[in-house]
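Single-letter residue listing:
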Amino acid sequence: MSRRGLGHGTGRRVGRRLWGALVALCGLVGVAAAEGPGAGIVERARLEVAPGGKAFEQITIENPLGDVIVEGYDGTSILIETKKAAPDQDALERLRISLVPNPDGTVRISTTADGGREVRPLARSAVRIDLVVRAPRDARIDAAVSSGKLEVVNMDAGGELDTASGPISVRNVAGGLSTHSVTGPTSLAQVFGSVDAQTISSDLELDTIGGERLVAYANRGKIAGRRVRARHVELTTTDGGIVLEAETALHGRLIVASLKGDVEVRLRRQGPVAIRARGGKVDLGSATLVAHRDGWVHGQLGQLLSGSRPAVVELRSRYGFVQLTVVD
Amino acid sequence: MTCEHVQKRLTAYLDGELDGDRGSVVRGHLRACATCRQIASDEAALRDGLRQLPPVDPPASLWAGVQARLAEAEVADAKRPAWRRALARWAPLAPRYALGGLVAAAAVTAIWWRTHRDADPEQATATPSQVLAADTTPAVPATALAVDISADLAAESDRITATYAETAAELLALASERRHEWAPDEQQAFDAQVAALRSAIDDASAERPRHRAWRSLIRYLQNAVVRDQIALAGGAP
Numbered sequence: 000m001s002r003r004g005l006g007h008g009t010g011r012r013v014g015r016r017l018w019g020a021l022v023a024l025c026g027l028v029g030v031a032a033a034e035g036p037g038a039g040i041v042e043r044a045r046l047e048v049a050p051g052g053k054a055f056e057q058i059t060i061e062n063p064l065g066d067v068i069v070e071g072y073d074g075t076s077i078l079i080e081t082k083k084a085a086p087d088q089d090a091l092e093r094l095r096i097s098l099v100p101n102p103d104g105t106v107r108i109s110t111t112a113d114g115g116r117e118v119r120p121l122a123r124s125a126v127r128i129d130l131v132v133r134a135p136r137d138a139r140i141d142a143a144v145s146s147g148k149l150e151v152v153n154m155d156a157g158g159e160l161d162t163a164s165g166p167i168s169v170r171n172v173a174g175g176l177s178t179h180s181v182t183g184p185t186s187l188a189q190v191f192g193s194v195d196a197q198t199i200s201s202d203l204e205l206d207t208i209g210g211e212r213l214v215a216y217a218n219r220g221k222i223a224g225r226r227v228r229a230r231h232v233e234l235t236t237t238d239g240g241i242v243l244e245a246e247t248a249l250h251g252r253l254i255v256a257s258l259k260g261d262v263e264v265r266l267r268r269q270g271p272v273a274i275r276a277r278g279g280k281v282d283l284g285s286a287t288l289v290a291h292r293d294g295w296v297h298g299q300l301g302q303l304l305s306g307s308r309p310a311v312v313e314l315r316s317r318y319g320f321v322q323l324t325v326v327d
Numbered sequence: 000m001t002c003e004h005v006q007k008r009l010t011a012y013l014d015g016e017l018d019g020d021r022g023s024v025v026r027g028h029l030r031a032c033a034t035c036r037q038i039a040s041d042e043a044a045l046r047d048g049l050r051q052l053p054p055v056d057p058p059a060s061l062w063a064g065v066q067a068r069l070a071e072a073e074v075a076d077a078k079r080p081a082w083r084r085a086l087a088r089w090a091p092l093a094p095r096y097a098l099g100g101l102v103a104a105a106a107v108t109a110i111w112w113r114t115h116r117d118a119d120p121e122q123a124t125a126t127p128s129q130v131l132a133a134d135t136t137p138a139v140p141a142t143a144l145a146v147d148i149s150a151d152l153a154a155e156s157d158r159i160t161a162t163y164a165e166t167a168a169e170l171l172a173l174a175s176e177r178r179h180e181w182a183p184d185e186q187q188a189f190d191a192q193v194a195a196l197r198s199a200i201d202d203a204s205a206e207r208p209r210h211r212a213w214r215s216l217i218r219y220l221q222n223a224v225v226r227d228q229i230a231l232a233g234g235a236p
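As you go down the protein sequences, you meet chains E and B in turn.
Under numbering that gives the first Met the number 0, residues 0 to 327 are what the first sequence spells out, in order.
Under numbering that gives the first Met the number 0, residues 0 to 236 are what the second sequence spells out, in order.
It is possible that some hints are incorrect.
What follows is a set of in silico ranges between Cβ atoms, one per label pair, in the way DEER data are often shown [to be verified]: (1) E:70 to B:154: 30 to 36 Å; (2) B:176 to E:125: 44 to 50 Å; (3) B:161 to E:148: 38 to 44 Å; (4) B:204 to E:148: 28 to 34 Å; (5) E:324 to B:156: 39 to 45 Å; (6) E:238 to B:156: 24 to 30 Å; (7) B:205 to E:302: 52 to 58 Å; (8) E:292 to B:154: 51 to 57 Å; (9) B:191 to E:326: 39 to 45 Å; (10) B:154 to E:291: 50 to 56 Å; (11) E:56 to B:76: 51 to 57 Å; (12) B:191 to E:238: 24 to 30 Å; (13) B:47 to E:47: 52 to 58 Å.
Stretches of chain B that chain E covers, calculated by requiring three or more beta carbons in the stretch to come under 8 Å of a beta carbon on chain E [what the hints assert, rightly or not]: (14) 40 to 46; (15) 159 to 167; (16) 184 to 190.
Here are some of the chain B residues that sit facing chain E, going by a computed Cβ distance under 8 Å [what the hints assert, rightly or not]: (17) 71; (18) 148; (19) 197; (20) 217; (21) 218; (22) 226.
If you're looking for bench data, these hints aren't it; they were derived computationally from the structure.
None of the values given here were measured: they were computed from a predicted structure.
Glycine included, every Cβ here is placed at the ideal spot set by N, Cα and C.
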């Protein structure tokens with residue numbers, strides 16, 4: 000919603016909230032303390048943002064200068080702890096944190112560094128801003144960092160997480176979750192909702208994932224999953240191997256594919272399962288082999304009755320070893 | 000004190016930089032010499048006029064230019080071999096130390112000749128060049144010293160885009176290796192999908208949608224290369 004489009008009442012409410020946030024920020028910055036002269040200057044501040052009427056529904060955080068940790072809790076306000084670190088006061092003053100609460104229940108927190116007046120350029124590695132955000136559990140998190148750590152715990156409305164080279168760590172999160180990293184490792188644990196994860200040159204670790212869909216791609220990296228119980232699972236790598244311990248859902252679909260890596264799947268099944276696999280070498284363990292057709296090895300677990308819809312498992316690696324182990 | 004001596008010291012006198020005796024001497028001369036007094040008066044008036052001029056902020060572009068030139072100079076300095084930097088520092092003193100240097104060089108040559116006359120000539124010539132090569136390697140990359148944080152942040156999106164582009168190019172190369180296995184209609188579908196996804200990248204105006212479009216292209220290429228999934232139901236992935 001554009002500011003021009005706001006009514007007078009809404010505008011006043013927004014204004015009051017912004018003033019409140021500003022006053023709180025000024026007060027808190029005032030008590031910020033300098034620490035450790037040998038290690039440069041560290042400035043800490045705390046800020047609480049209360050909802051102006053509508054509960055916070057989405058929190059957008061962009062911090063290219065350091066870590067972001069988001070912790071869900073049972074309150075309604077957003078509590079923000081900031082930590083700025085710089086070699087000297089001039090550099091510290093270039094670091095900016097902005098907070099924009101909107102009347103539609105969204106909040107945007109972003110950080111940047113102003114253009115400096117120093118004669119010598121300020122290296123990016125010399126400064127950092129770390130944010131710890133305690134947020135209402137039912138707010139959706141949309142966060143992006145660069146080389147810092149991005150951690151989200153105890154949230155109930157999912158979100159979208161982006162890093163360039165920093166690690167992504169998610170624990171105990173419900174709702175649709177989408178994560179992307181270029182070279183940072185991604186670790187998702189106790190996620191209950193559809194997951195879409197993608198990395199370019201890093202590993203993906205999945206632990207206790209339950210939801211309708213789990214789609215994960217790693218280009219140059221491996222995927223390791225355990226306690227995966229999504230109805231539709233697709234894991235794809237180009238170079239890295241895939242190790243998965245999963246449970247097939249009734250009528251579910253599990254596709255595990257790599258171009259050059261090995262594929263190892265330990266499967267717990269519910270109901271009948273139709274399997275097809277191809278690879279440099281294929282071992283379907285205790286599954287009943289049915290046929291070899293067009294380069295595929297076909298097998299099954301349990302009785303496939305005509306007209307029934309078994310769960311489907313597809314395992315493939317062009318150059319690697321494909322192995323299926325059935326766990327009873 | 001002559002007029003010439005006083006006029007040389009007038010600037011320092013007007014700046015209040017002449018201490019006790021020297022200031023007193025200049026002041027005494029000005030009381031007695033009309034010519035010098037007039038010169039001092041003119042200079043004082045000029046300084047007052049300059050002080051009353053409004054302050055002028057240089058345009059931002061000027062400052063950016065200065066910073067850019069400083070950065071360029073630092074990069075050039077960092078790239079210059081250590082021996083050339085050392086030479087530049089010592090060059091002004093060269094004439095003074097030339098004779099001493101010649102004597103020292105002659106002594107070193109004599110010692111070297113006495114100690115190495117039986118050594119392998121190839122080994123003897125290789126070692127100094129290896130040492131020189133090691134010395135010229137900068138400890139810190141020159142760009143890391145010169146790039147300011149604001150420029151670094153602005154360039155981040157381009158670095159990510161470059162990684163995506165490199166990955167897509169690798170996957171396209173893998174796809175082209177497998178292309179002969181595809182039927183003609185699959186090849187056509189592949190080309191059309193790649194063109195559509197590339198067009199989505201070009202059309203994206205903001206950074207995050209553009210990166211999202213790159214990831215869609217990479218995902219599609221991975222599906223094509225790893226899973227032979229070429230034609231997608233419902234268009235772009």
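Hint-by-hint comparison with the structure:
1. E:70 to B:154: 30 to 36 Å: holds, 32 Å
2. B:176 to E:125: 44 to 50 Å: holds, 45 Å
3. B:161 to E:148: 38 to 44 Å: violated, 23 Å
4. B:204 to E:148: 28 to 34 Å: Once the Cβ atoms are compared, 30 Å apart, the range 28 to 34 Å for residue 148 (chain E) and residue 204 (chain B) holds.
5. E:324 to B:156: 39 to 45 Å: Since the Cβ atoms of residue 324 (chain E) and residue 156 (chain B) sit about 44 Å apart, the hinted range of 39 to 45 Å holds.
6. E:238 to B:156: 24 to 30 Å: Because 26 Å falls inside the window, the suggested range holds.
7. B:205 to E:302: 52 to 58 Å: holds, 54 Å
8. E:292 to B:154: 51 to 57 Å: holds, 52 Å
9. B:191 to E:326: 39 to 45 Å: This hint holds: roughly 43 Å between Cβ atoms.
10. B:154 to E:291: 50 to 56 Å: holds, 53 Å
11. E:56 to B:76: 51 to 57 Å: holds, 53 Å
12. B:191 to E:238: 24 to 30 Å: holds, 27 Å
13. B:47 to E:47: 52 to 58 Å: Since the Cβ atoms of residue 47 (chain B) and residue 47 (chain E) sit about 56 Å apart, the hinted range of 52 to 58 Å holds.
14. 40 to 46: Violated, because only 0 residues of the segment 40 to 46 of chain B bring their Cβ atoms closer than 8 Å to Cβ atoms of chain E.
15. 159 to 167: With 4 residues closer than 8 Å to chain E, the segment 159 to 167 of chain B meets the three-residue bar; holds.
16. 184 to 190: violated (count 0)
17. 71: violated, 12 Å
18. 148: Holds - the Cβ of residue 148 (chain B) comes within 8 Å of chain E, reaching about 4 Å at its closest.
19. 197: violated, 18 Å
20. 217: Hint on residue 217 (chain B): holds, closest Cβ of chain E at ~7 Å, below 8 Å.
21. 218: Status holds, d = 6 Å.
22. 226: holds, 5 Å
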